[in-house]
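Generate coordinates for the entire structure from the input sequences, incorporating the hints supplied.
Protein chains in written order, with the working numbering: chain V, 1 to 274; chain U, 1 to 353.
It should be emphasised that the hints constitute simulated quantities derived from the structure, not laboratory data. The beta-carbon is built from N, C-alpha and C at its ideal position, and this holds for glycine as well. A few of these clues could be false.
Unchecked claim - To give a feel for the contact side, a few chain U residues facing chain V, derived at Cβ under 8 Å:
no.	residue
1	Gln26
2	Phe45
3	Gly202
4	Phe204
5	Trp210
6	Pro247
7	Ala331
So the chains spell out like this:
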Amino acid sequence: MRRAIRYAVLTLFAVFFLYPFVLSAATSFKTRPDVAAHAASPWPHEFSVRAWTDVFLHSDFPLWTFNSLLVTVLATLARIFIDSLAGYSLARLQWRGRGPIFAAVVAVLAVPPIVLTVPRFLVLKEMSLLDSYAGLVLPLAVDSVGIFLMKQFFEQMPKELEEAARIDGASIFQAYWHVVLPLARPALLTLTILSFQGVWNEFLLPLIVVRASPSHWTLPFGLSTLGRGGAGGQSFDYPVMMAGSLLTIIPVAIVFIIFQRFFVRGVASSGVKG
Amino acid sequence: MTTVVDAPPAQAKSRGRGKSRIAGRQTLAGWLFVSPALVALLAFFVAPILLALWVSFRNWSGLTPISDSTSNGAHNYQDLLARSGVVRGDFAKSLRNNLYYVLGVVPAQTILAFLLALVVNAKLLKGRTFFRTAFYFPSVTSSIAVAFIFVFLFSPAGVVNTVLSALLPGKVDTVWLDDSDGLIHIVLGWLGLHHAPGALSGEFLDLSWWDWLSGPSVALSSIMVLATWTTTGTFMLMFLAGLQSIPVELDEAAMIDGATNRQRFFRVTLPMMKPTLFLVLTLGVIGTWQVFDQVYAMTAGGPQKTTLTPAYLVYREGFENTAMGRAAAIAFIVFVIILIFTGIQRLVLRKER
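Structure (structure tokens):
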């Protein structure tokens with residue numbers, strides 16, 4: 001009996017968390033009159049691919065998708081390189097000033113992103129990076145959470161192997177590049193996935209950096225221009241909005257389903273720091 | 001950290017070199033390795049914040065070069081906090097709205113996440129991975145995409161009204177995202193109180209006491225539902241990690257000593273979960289004081305400014321009303337509010353320990 005209640009509760013919440021996605025998928029295949037008549041129905045009464053053809057052939061969605069991919073890949077590569085180097089240095093190398101630098105990284109972690117909105121605009125404007133890919137990538141090319149994650153990982157790693165490499169005459173960088181990094185693959189994968197998800201979904205930065213330049217819009221920002229703040233919203237083209245939303249969600253969803261345990265590990269290790 | 005300290009002497013001995021030279025090379029490599037990160041953090045975190053602090057004391061439109069801005073002392077802060085007018089009124093509304101938002105979302109997501117973690121963590125549960133995935137999935141999706149999905153769910157002919165119409169007597173046709181009535185005002189209305197009683201006719205920061213006590217508007221409540229729906233999964237994972245870090249022996253010992261389920265929960269599980277609870281509450285407060293994406297996509301601050309939040313105001317003043325100095329000032333006030341809130345939490349939870 002108690003088990004039955006437990007499963008009932010779990011199923012109810014699974015529906016609560018997943019049904020909105022099912023419904024938006026169904027809606028993207030409905031006609032607009034169908035949506036108006038049967039908004040809650042999880043299947044189309046009149047099947048139509050009009051919304052998807054609009055999205056793929058008669059809109060800027062392909063361009064936004066390309067921009068999102070480009071920015072996400074570049075920022076993620078940069079993060080992997082920069083965060084792991086910094087994490088290794090803070091975890092394993094002996095140098096004066098290491099303590100204060102790490103404290104500074106933690107302090108940056110505590111600054112809320114909204115506080116950075118205006119400041120980042122200022123700096124990017126001064127650097128003439130507004131309306132450019134560089135403006136979208138560079139501010140996301142380092143993140144203190146990633147440095148933290150890598151430092152934690154390197155501290156737990158046995159150090160015999162890199163010491164052996166050093167004794168064999170490898171330089172610090174060689175030992176790091178050829179011995180340490182390959183061993184850090186699980187942590188690097190976690191970092192990659194968290195970064196992919198974070199950069200792909202980023203909205204605030206494109207909003208302030210490339211608002212005025214439609215050729216640089218990313219998926220979340222392009223999507224937001226479809227029907228912003230439309231309270232009553234009878235005039236919205238819901239099938240297109242839902243198709244666009246799904247297009248934005250699906251790449252992360254695929255990565256999420258394949259690499260689930262890395263997401264979980266990321267959250268769990270961010271939990272440890274408290 | 002202490003494990004690393006003995007590394008250089010060991011190397012020095014094995015390689016037969018002077019200790020100072022090894023230390024020198026480590027220092028050089030150490031600085032070289034962190035330098036890309038440092039440059040980026042300085043350029044995109046530290047410098048911006050200092051620059052913005054300076055701008056918050058200036059008059060700048062954001063359109064002209066920053067050198068064209070003029071100093072205006074503490075005027076930006078005075079407009080927000082001291083001088084009566086629309087600016088202060090809007091700021092007061094945004095504070096009221098966000099306060100209700102925090103008071104609603106943080107307890108809701110924390111309690112829900114904890115309960116779900118307890119159920120998912122149960123022994124012998126089949127399909128645990130599926131349920132964990134299902135609950136966590138909304139957390140990883142794009143805020144704008146799910147905001148639009150919720151615009152659809154809350155639309156007048158949408159699912160929410162359809163389900164409520166089926167459950168409640170009569171047809172429900174609430175226009176959720178365009179309804180500015182406060183929940184507390186609505187409840188008071190049911191009790192027959194439709195206007196401010198004399199005692200509440202005064203004002204604070206250009207907003208009457210009656211309006212301060214409105215509760216979140218129907219529109220804001222819809223956004224609160226979305227926020228709870230999105231973030232619960234993340235916090236559930238944190239609680240799960242916390243629950244799994246409780247040593248099994250502790251629970252078994254309590255069981256052997258004859259503790260009931262209830263006693264084990266309140267005497268063993270709950271105290272052990274205190275650090276996780278603190279983390280979840282802190283992250284919750286930090287996150288909810290910055291709600292922006294959802295407001296931008298769903299309501300743009302309306303109806304009647306009841307979904308205006310300080311974070312949205314930063315954007316509106318800086319990028320739509322070309323008052324960058326004021327926007328920077330708001331951002332710093334939000335920062336201070338977050339610091340105060342997390343500080344209070346720390347004090348309260350420490351006292352209970």
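Hint by hint, which ones does this structure get wrong, listed from lowest number up?
3, 4, 5 and 6
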